[in-house]
Amino acid sequence: MSDLLKKDEFKYVYKAKMGLSAKLVKEISARKNEPAWMLERRLEALKVYQSMPIPVWGGDLSGIKFEDIYYYLKPIEKEEKNWKEVPDQIKKTFEKIGVPEAEREMLAGVKSQYDSEVVYGSLKKTLADKGVIFLSMDEGLEKYPELVKKYLGKVVPLADNKLAALNSAVWSGGSFIYVPKNVQVSLPLQAYFRINTERAGQFERTLIIADEGSSVHYIEGCSAPAYSSASLHAAVVEIFVEKGAKVQYSTVQNWYKNIYNLVTKRAWVEEDGQMLWVDGNLGSKLTMKYPACVLAGKRAHGEMLSIAWAGEGQHQDTGAKMIHLAPETTSQIVSKSISKNGGRTSYRGLVQINKGAVGARSKVVCDALILDEISRSDTYPVNKVMEEETILEHEATVSRVSEDQLLYLMGRGISEDEANAMVVNGFMEPVVKEIPMEYAIEMNRLVNMEMEGSVG
Amino acid sequence: MEKQVFDKPGKYEINLQLNEEGQLLEWLGVVEARKIGDYDLVLTVDHRRPKTVGKVIVRGVAENGARIRISGLVRIEKKAEESESSLVMKVLLVDKESKAEVDPKMEILTNKVKASHSASVGKIDEEQLFFLESRGIEREYAKKMIINGFLN
Amino acid sequence: MLEIKNLKVSIEKKEILKGVDLEIKQGEVLALMGPNGSGKSSLANVIVGNPKYQTEGEMYWNGKSILKMRTDERARKGILMAFQQPVAIPGVSVREMLLAAMRSAKKSISALELKQIVIAEAKKLKIDESLLTRGINDGFSGGEKKKLEILQMRVLKPSLLILDEIDSGLDVDALKLLAEAVLEMVKKEKMSVLVITHYQKLLKYLIPDRVVVLKKGEVVDSGSKEIVEKIENKGFAIYE
Numbered sequence: 001m002s003d004l005l006k007k008d009e010f011k012y013v014y015k016a017k018m019g020l021s022a023k024l025v026k027e028i029s030a031r032k033n034e035p036a037w038m039l040e041r042r043l044e045a046l047k048v049y050q051s052m053p054i055p056v057w058g059g060d061l062s063g064i065k066f067e068d069i070y071y072y073l074k075p076i077e078k079e080e081k082n083w084k085e086v087p088d089q090i091k092k093t094f095e096k097i098g099v100p101e102a103e104r105e106m107l108a109g110v111k112s113q114y115d116s117e118v119v120y121g122s123l124k125k126t127l128a129d130k131g132v133i134f135l136s137m138d139e140g141l142e143k144y145p146e147l148v149k150k151y152l153g154k155v156v157p158l159a160d161n162k163l164a165a166l167n168s169a170v171w172s173g174g175s176f177i178y179v180p181k182n183v184q185v186s187l188p189l190q191a192y193f194r195i196n197t198e199r200a201g202q203f204e205r206t207l208i209i210a211d212e213g214s215s216v217h218y219i220e221g222c223s224a225p226a227y228s229s230a231s232l233h234a235a236v237v238e239i240f241v242e243k244g245a246k247v248q249y250s251t252v253q254n255w256y257k258n259i260y261n262l263v264t265k266r267a268w269v270e271e272d273g274q275m276l277w278v279d280g281n282l283g284s285k286l287t288m289k290y291p292a293c294v295l296a297g298k299r300a301h302g303e304m305l306s307i308a309w310a311g312e313g314q315h316q317d318t319g320a321k322m323i324h325l326a327p328e329t330t331s332q333i334v335s336k337s338i339s340k341n342g343g344r345t346s347y348r349g350l351v352q353i354n355k356g357a358v359g360a361r362s363k364v365v366c367d368a369l370i371l372d373e374i375s376r377s378d379t380y381p382v383n384k385v386m387e388e389e390t391i392l393e394h395e396a397t398v399s400r401v402s403e404d405q406l407l408y409l410m411g412r413g414i415s416e417d418e419a420n421a422m423v424v425n426g427f428m429e430p431v432v433k434e435i436p437m438e439y440a441i442e443m444n445r446l447v448n449m450e451m452e453g454s455v456g
Numbered sequence: 001m002e003k004q005v006f007d008k009p010g011k012y013e014i015n016l017q018l019n020e021e022g023q024l025l026e027w028l029g030v031v032e033a034r035k036i037g038d039y040d041l042v043l044t045v046d047h048r049r050p051k052t053v054g055k056v057i058v059r060g061v062a063e064n065g066a067r068i069r070i071s072g073l074v075r076i077e078k079k080a081e082e083s084e085s086s087l088v089m090k091v092l093l094v095d096k097e098s099k100a101e102v103d104p105k106m107e108i109l110t111n112k113v114k115a116s117h118s119a120s121v122g123k124i125d126e127e128q129l130f131f132l133e134s135r136g137i138e139r140e141y142a143k144k145m146i147i148n149g150f151l152n
Numbered sequence: 001m002l003e004i005k006n007l008k009v010s011i012e013k014k015e016i017l018k019g020v021d022l023e024i025k026q027g028e029v030l031a032l033m034g035p036n037g038s039g040k041s042s043l044a045n046v047i048v049g050n051p052k053y054q055t056e057g058e059m060y061w062n063g064k065s066i067l068k069m070r071t072d073e074r075a076r077k078g079i080l081m082a083f084q085q086p087v088a089i090p091g092v093s094v095r096e097m098l099l100a101a102m103r104s105a106k107k108s109i110s111a112l113e114l115k116q117i118v119i120a121e122a123k124k125l126k127i128d129e130s131l132l133t134r135g136i137n138d139g140f141s142g143g144e145k146k147k148l149e150i151l152q153m154r155v156l157k158p159s160l161l162i163l164d165e166i167d168s169g170l171d172v173d174a175l176k177l178l179a180e181a182v183l184e185m186v187k188k189e190k191m192s193v194l195v196i197t198h199y200q201k202l203l204k205y206l207i208p209d210r211v212v213v214l215k216k217g218e219v220v221d222s223g224s225k226e227i228v229e230k231i232e233n234k235g236f237a238i239y240e
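Chains as they are written, first to last, in the numbering used here: chain A, 1 to 456; chain B, 1 to 152; chain C, 1 to 240.
Quick caveat, the hints were computed from the structure, so don't treat them as lab data.
Cβ atoms here follow ideal geometry from the backbone N, Cα and C, with glycine treated the same way.
Accuracy of the hints is not assured; some may be wrong.
[Said to hold, decoys possible] No more than 16 angstroms apart at the CA atoms, straight line, and that leaves these computed lysine to aspartate or glutamate pairs for EDC-like:
#1 B:Lys123 / A:Glu393
#2 B:Lys123 / A:Glu328
#3 A:Lys355 / B:Glu101
#4 C:Lys52 / A:Asp404
[To be verified] So these bits of chain A aren't anywhere near chain B, every CB distance computed over 12 angstroms:
#5 Val25
#6 Arg42
#7 Glu44
#8 Ser62
#9 Asp68
#10 Gly131
#11 Lys150
#12 Asp211
#13 Lys257
#14 Lys298
#15 Glu328
#16 Ser415
#17 Glu418
#18 Glu429
#19 Tyr439
With these hints in hand, go ahead and build the complete structure from the sequences.
Right, dumping it as structure tokens:
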């Protein structure tokens with residue numbers, strides 16, 4: 001773990017001044033050769049951002065010094081076309097993050113982001129043949145401006161919230177994915193994100209469009225090296241699940257514990273579409289993230305499976321939102337959280353069933369595990385029902401590793417530390433089993449590491 | 001068990017405090033929202049001492065365009081070790097014009113506790129209705145019977 | 001093998017055992033009987049080192065004092081209890097747990113080998129295979145839980161097995177099956193068994209070499225299996 005926290009040597013081609021201004025926004029846009037409409041959009045977003053107050057609900061944001069952040073960095077490495085050309089240093093980082101060997105060979109479809117720009121990545125030929133687009137957002141805008149213009153900001157408008165406005169003003173990098181009608185992408189598309197400079201802000205913008213009858217699984221994983229001062233990560237992810245399409249978006253974030261991770265993720269789901277968010281929050285100082293599904297078409301389905309882990313000095317304020325607009329829409333939220341060493345986990349969620357969403361159903365299950373007497377767990381759900389013909393259920397429990405469970409496992413010869421870790425891993429299992437194997441292993445490994453020496 | 005009925009539109013704030021070690025509190029709140037209007041119940045169950053037990057149930061029925069909002073917070077303070085708390089909220093929407101919001105919240109500041117809550121919103125169970133109808137009871141009357149049973 | 005001298009046990013300042021002497025030899029089946037609240041289960045829990053009890057006195061395992069030893073260390077020395085009410089551990093399968101237990105005990109075994117052993121034992125004990133990959137005891141019936149406890153014994157092969165009210169909630173067929181599985185280990189592996197029960201039903205199949213009767217925290221009788229019959233006919237009232 002310790003070498004994971006070492007800062008990799010990285011050279012930056014261009015490092016904008018700290019702080020934010022219209023001049024900087026123009027500079028970013030000019031450096032990227034963006035169309036005029038995008039610059040206008042950025043400038044409008046900047047105005048909105050500056051006019052909105054800092055949110056006072058959720059976590060404590062007073063530690064962020066917005067003026068001391070670099071809003072744009074461009075690393076030296078050019079986008080790589082194939083794996084052989086990938087610099088050893090980046091390969092090493094993948095090794096540290098724990099990408100398995102076999103996986104690395106399949107990394108043809110990988111986008112890895114070092115700070116503000118996608119460093120390398122090339123698209124698998126088979127996917128390209130099917131018409132699947134998988135680019136960095138910057139390239140996406142360059143090559144498919146009409147597609148980007150049609151969808152960008154349609155589910156997360158730039159005035160949605162202060163941080164979404166900030167992202168809309170200074171976004172850089174992120175992924176752009178388009179899956180054509182009836183195309184099934186069997187291999188998950190992956191991207192690794194990373195913050196690599198002190199006080200580097202990351203403002204990726206991701207846009208995924210799954211056209212009618214298509215399916216895709218996108219994986220985003222993060223790991224950040226150690227830094228002394230607070231850093232900000234404010235991403236926006238927008239997903240469009242068209243009629244009968246299916247999208248899974250899996251994230252495991254393990255940001256270093258001084259990072260503010262404030263993310264807006266939202267999906268628009270059309271008739272018979274399915275959206276599944278799988279979200280693991282292990283790192284960061286404060287994460288505020290509530291992935292949402294707008295269930296707009298008949299029988300659309302939204303699902304959220306999440307795990308939050310809060311250790312010393314950490315606050316995971318996470319949850320989900322399910323907005324039922326159409327008949328027979330269904331949603332499910334399963335949230336598991338663990339707090340330890342004074343950490344705090346909060347579930348914050350919304351289920352809203354609008355008038356006319358006849359036959360809608362929603363189920364929310366929140367389970368929290370508090371591992372010691374100094375840690376904390378909160379649950380703040382809002383459940384609004386405006387239609388009679390519906391079923392909404394919400395359940396939550398808070399518990400601990402019981403003495404009986406420990407005695408049982410120790411009675412089989414298992415040490416107390418290991419017994420604790422087993423119970424915690426078992427608690428997370430329903431969500432962990434939904435994420436790809438290597439992430440699951442990574443998460444279990446992390447829990448075991450965090451649990452070592454936890455008692456006595 | 002203590003029971004309180006809220007059958008007129010308005011905002012009601014109820015603070016239930018468990019201030020004595022080992023205290024048991026059983027409370028039933030019934031929101032009968034049978035006329036148009038907003039029925040707001042803001043409920044707090046505050047465990048302040050060790051080994052306190054809170055069992056709180058809130059049931060609501062909304063009809064004729066009524067809107068029910070129940071916000072219930074269970075808070076277990078750091079020193080309220082070995083406390084147990086359960087909060088159950090259930091709302092029945094009887095017609096198309098009525099609405100409900102149920103927000104069961106928890107703030108748990110220590111780990112030697114048992115806490116759970118549940119909330120549900122739905123309409124009258126069709127199977128229950130069918131059963132009563134099969135016994136020769138007219139549908140509207142069967143609904144009334146089910147609502148009465150639910151509230152009592 | 002196990003030797004207990006003048007053992008005093010209390011929980012939350014309430015005295016439960018008031019100076020108990022007990023010895024179990026290798027390969028011996030010892031029945032511990034007594035009415036509800038006599039302290040039988042407490043004694044079993046103290047033998048495996050449940051930290052919720054306060055203890056005083058002496059307890060030796062092959063001549064070494066173990067009274068201050070942690071539960072997992074005792075388990076690795078071969079003391080295993082089949083619990084009266086096994087707790088559920090969601091998300092942790094019995095196979096996963098047994099693998100961790102074997103590795104803790106430095107027994108080298110691959111996950112695949114263990115899987116085969118566990119499946120074979122499950123067949124013998126008529127345990128549905130689907131239970132093996134589910135969270136231990138999570139939503140299991142009473143009978144399934146008890147069978148799973150015996151399965152763990154078959155795999156971990158302890159030197160001393162403590163059966164704490166294993167017979168409650170089991171039908172005759174299941175009881176026979178479990179008794180046979182235990183007796184086979186007694187014969188083959190010279191395993192010792194401490195059977196705790198307040199019925200004699202189980203003892204028809206698992207015939208004890210010796211019987212000890214506990215009442216209100218004290219040993220009130222000990223001797224051969226005839227005691228079982230005595231209690232069967234006249235009840236624990238004879239010790240009034």
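Hints and how they fare:
Simply put, lysine 123 of chain B and glutamate 393 of chain A have alpha-carbon atoms about 12 angstroms apart, close enough for the 16 angstroms limit, and the pair holds. Straight-line distance between C-alpha atoms of lysine 123 of chain B and glutamate 328 of chain A comes to about 15 angstroms, which keeps the hinted pair within the 16 angstroms bound. Distance check on the hinted pair: lysine 355 of chain A and glutamate 101 of chain B sit about 13 angstroms apart at the alpha-carbon level, within 16 angstroms; holds. With a CA separation close to 10 angstroms, the supplied pair lysine 52 of chain C and aspartate 404 of chain A stays within the 16 angstroms bound.
Distance to chain B confirms valine 25 of chain A as a non-interface residue, since its nearest Cβ pair spans about 39 angstroms, more than 12 angstroms. Residue-level check passed: arginine 42 of chain A sits 37 angstroms from the nearest beta carbon of chain B, beyond 12 angstroms. No beta-carbon of chain B is positioned within 12 angstroms of the beta-carbon of glutamate 44 of chain A; the least distance is around 34 angstroms. Consistency note on serine 62 of chain A: stated as away from chain B, and its beta-carbon is indeed over 12 angstroms from all of that chain's, at 21 angstroms minimum.
Distance check on aspartate 68 of chain A: its Cβ is at least 33 angstroms (rounded) from any Cβ of chain B, clearing the 12 angstroms threshold; non-interface status holds. Distance check on glycine 131 of chain A: its Cβ is at least 44 angstroms (rounded) from any Cβ of chain B, clearing the 12 angstroms threshold; non-interface status holds. Residue-level check passed: lysine 150 of chain A sits 35 angstroms from the nearest beta carbon of chain B, beyond 12 angstroms. Residue placement check: aspartate 211 of chain A keeps its beta carbon more than 12 angstroms from all beta carbons of chain B (closest about 35 angstroms).
Every Cβ of chain B is farther than 12 angstroms from the Cβ of lysine 257 of chain A; the closest lies at roughly 21 angstroms, confirming the non-interface assignment. At roughly 19 angstroms, the least C-beta separation between lysine 298 of chain A and chain B is larger than 12 angstroms, which holds for a residue marked as non-interface. Separation of glutamate 328 of chain A from chain B is adequate, the least Cβ-Cβ distance of about 15 angstroms exceeding the 12 angstroms criterion. With a cut of 12 angstroms on Cβ distances, serine 415 of chain A stays outside the contact zone with chain B, its closest approach being about 21 angstroms.
A cut-off of 12 angstroms between C-beta atoms confirms that glutamate 418 of chain A is not in contact with chain B; the least separation is 20 angstroms. Distance to chain B confirms glutamate 429 of chain A as a non-interface residue, since its nearest Cβ pair spans about 20 angstroms, more than 12 angstroms. Every CB of chain B is more than 12 angstroms from the CB of tyrosine 439 of chain A (nearest about 27 angstroms), matching its label as outside the interface.
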